[in-house]
Amino acid sequence: MARKVSNTRKAVVTAAAWTMGFLIFFPILWIIILGFKSEGDAIKTPLQVLFSDWTLQSYHDVQERSNYGRHFWNSVILSVGSTLIALAIAIPAAWSMAFVPGRRTKDLLMWMLSTKMMPAVGVLVPMYLLFRDFGLLDSRIGLVAVLTLINLPIVVWMLYTYFKEIPGEILEAARMDGASLRSEILYVLTPMAVPGIASTLLLNIILAWNEAFWTLQLTTSQAAPLTQFIASYSSPEGLFYAKLSAASTMAIAPILILGWFSQKQLVRGLTFGAVK
Amino acid sequence: MATAHSRTAARLMLSPAVILLLLWMIVPLGMTLYFSTLRYNLLMPGMETFVGFENYYYFVNQPAFWAALSNTLILVLGVLCITVVGGILLALLMDQPFWGQGIVRVLVIAPFFVMPTVSALVWKNMFMNPVNGIFAHIAKALGLPPFDFLSHAPLASIILIVAWQWLPFATLILLTALQSLDREQQEAAEMDGANGFQRFFYLTVPHLTRSITVVILIQTIFLLSVFAEILVTTNGGPGTASTNLTYLVYAQSLLNYDVGGGSAGGIIAVILANIVAIFLMRMIGKNLEA
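Chains as they are written, first to last, in my numbering: chain D, 1 to 276; chain U, 1001 to 1290.
In short, the hints are calculated from the structure, not lab data. A few of these clues could be false.
[Stated by the list, open to error] Which bits of chain U does chain D cover? Going by a derived footprint, with three or more residues having C-beta under 8 Å, they are:
(1) 1029-1040
(2) 1088-1095
(3) 1160-1174
(4) 1226-1235
(5) 1244-1258
The beta carbon of each residue, even a glycine, is placed where N, CA and C say it ideally should be.
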């Protein structure tokens, strides 16, 4: 039963909420705007910026000067690749823990989680040396492996909490009807698990796309994803606000869109199911 | 109901994940531990000698360590204060009925999806730059002298940037928690004559406590390892004014090539994070039984 709320009150709340939303979103809005301005206009006062001419020049320059496409493609390969591999490893693991739990399942889950708590910097030195010795520095293969491993615990956990919600009775019914383990997985479980797997996929791509410790440490140019490419703007020469804005807008746009689709799952994934 | 056959299958399905994580945990960490006992400089390969705990001694006894440790704690606490208090207020606001809830929600969540290097560079250049930044333009318009945020208040500026990134996380989780609040309980309390404040402090706050704890613990894990934001804004400077433990280990091992010292620092960072992790794991573990 909804309680009645006076329209005045609702209007006040609306104004306050929209103001807060606007302020929080403003930095993002601002780089979207600056990306469509010329370098000369982009450093003027905010009002002058708003009323100056719009141009696509910066988007053109970013690609022209720095092969933006390569870094974008690297980001796609790293995030999607590591997520798919993590899913391939995690789906069987989560399935077995959710449906054939043993005495140690809980301990195992907690242990997996604990590997996520290890700060990356604790293994920076050996990882760097291993990558150097195996010729993996600035290679996509090495980085896909690292991103897979750092996100594997989250993937297992998310899948586990989703699979756990699939009622076991359905499985028993399928077994009674003579379904084999294979057809049980294929025709009964998979359709019910698809939404959970999809949201795990989505959240994990986001996390891998934005990962900015290992990508900064282990790549320089060839395998550099957008996190590293944008970081190269930290020591700029000359005018660069518009180009930085255009590059940034392109770097965050795909993830903003994916992120808005996955906002509900975000809470669950990032709290390891502790808040739903 | 599980047969021996399905148990074996289950174990087989579980093993790749377990083996990979086991290797990932043991091999590099073991190497870090081993390196931390060596005098090992990348510029002098082949000269490694066992020195016991000497690296720890020197790492802890450099002035930069204490600066980095206190910066790490200030950074974590500062961001936590802003995001938890701000998150509670925002979540309470957004839990009220108003027009355009979906859109405001999307706007508020957005910063969380911005990659750390982008948000750090945008704040550094477009907002905090003393000449062309928006803050400088506003100061000029008000007749105030512009303030060079990243040289005069580097740590506070980084706290602001990181808090902007994490405020959506706290808000989103607390909002989710608020929305799962039992409305009937609220109404029952209202009928029993509880006023707004009483309902807030006796129903809402206890309900939120768990989520707030989760927010604090998870954020702490991530905030202990803030790195990209420092790298692209201040490089830890001026001096060590914005160097945190993660950055110090990076600088020592990959900028000064001191593998031994960097490894010792890495182990110290692991110990620090584990103290927090123990509490977090306990909370999540409790939830697993429910």
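Hints that the structure is at odds with (numbers, increasing):
Violated: none.
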